[in-house]
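> Residues per chain, in single letters:
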Amino acid sequence: MLKYEVRMSSDLYEAMLTDLRRPHEHAFERVGFAFGRRCRPNDLSSIIYLHRYVPVDDDRYIKTHEFGALIDDEAILEIQQEVRRLRSGCGGAFHVHLHDLSGMPKLSPADMIGIPPVARCMQRMDPDGASGLLLLSSDKACAQVWESRDSEGRECDLVSVIGVPLNILVRRRSS
Amino acid sequence: MNERYSRQSFLGNDAQDRIEAAVIGVAGLGGGGSHAVQQLSHIGFRNFELFDGDWVEDSNLNRLIGATVGDARARRPKIEVAARMIRGLQPKAVINAHFGKWQEHSDRLKRCHIIFGCVDGYSERDQLEQFARRYLIGYIDIGMDVIVGADGQPVVGGQVIVSMPGRPCMRCMGFITPEKLSLEAQRYGDAGSRPQVVWPNGILASSAVGFAMDLLCNWTSGCQAPVFLEYDGNKGTLRHRARQLNQASCMHFLPDEVGEPQIREI
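Just so you know, the protein sequences line up as chains V and H, in that order.
Just so we're aligned, residue 11 is where the first sequence starts under our numbering, counting upward by one.
Just so we're aligned, residue 348 is where the second sequence starts under our numbering, counting upward by one.
Source of the hints: derived by calculation from the structure; they are not laboratory data.
Note that the coordinates shown come from a computational prediction; the quantities given were computed from them, not determined experimentally.
Cβ atoms here follow ideal geometry from the backbone N, Cα and C, with glycine treated the same way.
A hint or two may mislead.
[Unchecked claim] Covered, in the sense of this in silico footprint (three residues per stretch, anywhere, with C-beta under 8 Å from a C-beta of chain H), are these stretches of chain V:
1. 43-49
2. 148-159
[Unchecked claim] Listed next, with one range per pair, are the computed distances between beta-carbon atoms:
3. H/E451 <-> V/L12: 29 to 39 Å
4. V/R50 <-> H/K448: 18 to 28 Å
5. H/E451 <-> V/D110: 29 to 39 Å
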């Protein structure tokens, strides 16, 4: 079975955490997007390298009590356009948000409703690439990847933050 | 905590999970690489990508950890000796052993989290570091040499370098320079057999593994990078060189230049 890994530098990871921890005027949490490039080192593994993080502007958040954060079409369109501009057959964008507690984060019921359609929107812009979602906690992370016209996200086995320290956030124990 | 690793429990609660999940690349399985592989196997690493295109010879037996007289007689590839050593300690290890230069199997190197560069020459090191930066991999370089000093006495030296994405690289540290690369290119094919002995490689590889463990487990809560340790084998000292660096980031590798290189029409 193909193993998925999302990999990023510690500088990028810190930038995400810093941005996502900023309070918003009315949203309960923040959202951002990270651009990735996919690589298949062999038949058994797929690695997505995140290389750039884009925060969502404050005025793109819609007032709601149903979700921690709800962003408008314009914000999603901007990211879609960027994915399309970078379209390379191995690119894509990841929806990123933070549950600022320790331990392995879990998608909330609202996340499971709201985020997959956003990830699929990104996937459509570069169908041969890889898009998805990245959920951070204060010390762990999990991710799902949509690639090659997948209708469902595939759970990533590893999220690794390469820097000082080098943080391998294990989702499932390797065999 | 598994009883087998109870004596290294200070590394952290989830240290063994991290160790088992990490993919380690070792380029060059001679004097330095064989030490590193042995120690990594003891620690509990289970995912290896090994690269070497050489066979065991009699002249290797003064320093090649794990090699036997029988291996030299059989001209056994060094990757097989390394794989055998790993399996002896980690029967469940996933070992991908590649005979040849790492550049011929570079796709397999992409999945590594840490590469131990135990290669000869500045150009090889330079290429490995460039690759590691491109694919977000920690790079740890070790190497030793014996030269003849001004007074005609042998001088044993070496280095351990830790080069991490986003942090100063070997060029920033002054270890790789255009002059050294140019000089090496002029001498290409003229290197001959360099003197090599077992104990400096042991010191350098042990230090390198120690830095890798701190990077991965952060057990000192203050792991370092960049690291540039200079070994003086005549005095028996290891001295920090990178502390003299006056920069926190790297000016040679851009943060956006990761993953597969992109070709765009302009």
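> Does the Cβ-Cβ separation between H/E451 and V/L12 fall within 29 to 39 Å?
violated (24 Å)
> Are there at least three residues in the segment 148-159 of chain V whose beta carbon sits under 8 Å from a beta carbon of chain H?
Per the Cβ count (0), the hint is violated.
> Between H/E451 and V/D110, does the beta-carbon spacing fit 29 to 39 Å?
violated (45 Å)
> In this structure, is the beta-carbon distance linking V/R50 and H/K448 contained in 18 to 28 Å?
holds (21 Å)
> Does the segment 43-49 of chain V contain three or more residues whose Cβ lies closer than 8 Å to a Cβ of chain H?
That given contact holds, which follows from 4 residues of the segment 43-49 of chain V lying within Cβ reach (below 8 Å) of chain H.
In this structure, the earlier hints numbered 2, 3 and 5 are contradicted, and the remaining ones agree with it.
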